[in-house]
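Participant: Construct all of the structure, not just a fragment, from the sequences and the given hints.
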Amino acid sequence: MLSCKEVSLLISRSYDARLTWRQRLAVRLHLLVCEACRRFTEQMRFLRRAGRAFADRQRDSASNGLSADARDHIRRTLRGQD
Amino acid sequence: MTLSHPDTWLDQHGDALYRYAVMRVRDSAMAEDLVQETLLSALRAKDSFAGAAAERTWLIAILKNKIIDHYRRSRHEAPLPDSDDPDAAIEAMFNEADEDHWARMPAVWANPDTALEQAEFWRAFQLCLEGLPARQAQVFALTELDGLTTEELCKVLEAQPSNVWVMLHRARLRLRECLEQGWFGAAGGNR
Chain A
1 MLSCKEVSLL
11 ISRSYDARLT
21 WRQRLAVRLH
31 LLVCEACRRF
41 TEQMRFLRRA
51 GRAFADRQRD
61 SASNGLSADA
71 RDHIRRTLRG
81 QD
Chain B
1 MTLSHPDTWL
11 DQHGDALYRY
21 AVMRVRDSAM
31 AEDLVQETLL
41 SALRAKDSFA
51 GAAAERTWLI
61 AILKNKIIDH
71 YRRSRHEAPL
81 PDSDDPDAAI
91 EAMFNEADED
101 HWARMPAVWA
111 NPDTALEQAE
121 FWRAFQLCLE
131 GLPARQAQVF
141 ALTELDGLTT
151 EELCKVLEAQ
161 PSNVWVMLHR
171 ARLRLRECLE
181 QGWFGAAGGN
191 R
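In order, the protein sequences belong to chains A and B. Residue numbering for the first sequence follows this note's numbering, starting at 1 and increasing by one per position. Residue numbering for the second sequence follows this note's numbering, starting at 1 and increasing by one per position.
Simulated from the structure, these hints should not be mistaken for laboratory data. Quick caveat, the model's predicted, so the values are computed rather than measured. By construction, the Cβ of each residue, glycine as well, lies at the ideal position given by its N, Cα and C atoms. Take these hints with a grain of salt, some might be off.
On the chain A side, residues computed to face chain B include the following (Cβ under 8 Å) [stated by the list, open to error]:
id, residue
1, Ser12
2, Ser14
3, Arg18
4, Leu19
5, Ala26
6, Gly51
7, Ala53
8, Arg59
Facilitator: In structure tokens form, the structure reads like this:
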């Protein structure tokens with residue numbers, strides 16, 4: 001039986017690649033008996049959603065932009081290109 | 001869709017481009033340079049704008065390539081750490097003496113859907129991201145924020161898939177722990 005550490009690596013990897021059937025079976029067997037790793041699985045599902053949502057929010061958010069100095073500097077550089 | 005006048009790009013999109021860059025390169029001066037390079041490239045390429053995407057999406061696509069170039073350059077100075085190197089913070093999450101069980105039982109995260117609607121949650125999330133070691137943050141951002149596949153990531157970082165997966169695993173374990181303590185923890189996550 002795989003350890004929680006090994007199973008957590010496989011669960012994480014399952015978001016990036018297809019596991020072999022042997023790996024999937026091993027994870028499923030482990031999850032049957034391990035509440036901790038079931039919780040971890042839920043959390044990884046949440047983390048994926050949150051990452052995507054964060055990227056969208058960040059794109060449209062209004063705070064933490066360029067400093068005034070940086071803005072001026074870029075503006076001058078762009079003008080120089082005309 | 002047509003492009004607005006290039007003079008307006010900085011005001012309309014400068015902040016968004018900067019936020020995108022600084023999250024990924026974690027260096028404000030470098031992020032400013034990347035915004036400038038992006039706008040310069042966009043200026044040169046404006047005649048080839050196909051009009052299929054929104055203006056900001058087009059600019060972000062240019063920025064994304066600049067960031068990847070930046071990663072390529074920095075990779076030579078600081079290659080991805082070898083995944084065989086143990087990471088003490090990760091080792092501490094599992095109890096080696098007890099068959100590598102979780103050292104602390106992961107909690108049940110209450111009301112995760114509500115969290116996604118709360119500005120405070122996103123501040124906690126950002127703090128957790130910023131707390132990741134730089135390489136893990138980079139790998140996580142490229143995968144989870146930008147949607148790069150492992151294959152694309154391996155090309156950008158000149159790394160082996162197994163190495164990338166270990167880095168992602170470590171980033172996720174750290175974020176998990178940080179969110180659990182910073183948000184879903186004692187206060188119950190339904191603030």
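Participant: Give a verdict on every hint.
Facilitator: Cross-check of the supplied hints:
Annotation: interface hint on A/Ser12 holds; nearest CB of chain B at approximately 4 Å, less than 8 Å. Checking A/Ser14 against chain B: minimum C-beta separation of about 10 Å lies over 8 Å; hint violated. Against a cut-off of 8 Å between C-beta atoms, the interface hint on A/Arg18 is violated, since the closest Cβ of chain B lies about 11 Å away. Below 8 Å, beta-carbon pairs count as interface contacts, and A/Leu19 has none with chain B, the closest being about 11 Å; its hint is therefore violated.
For A/Ala26, the interface hint is violated, the least distance from its beta-carbon to any beta-carbon of chain B being 14 Å, above 8 Å. Against a cut-off of 8 Å between C-beta atoms, the interface hint on A/Gly51 holds, since the closest Cβ of chain B lies about 3 Å away. Taken as an interface hint, A/Ala53 checks out: its beta carbon lies about 6 Å from the nearest beta carbon of chain B, inside 8 Å. Hint status for A/Arg59 relative to chain B: holds, with the closest Cβ pair at about 6 Å, below 8 Å.
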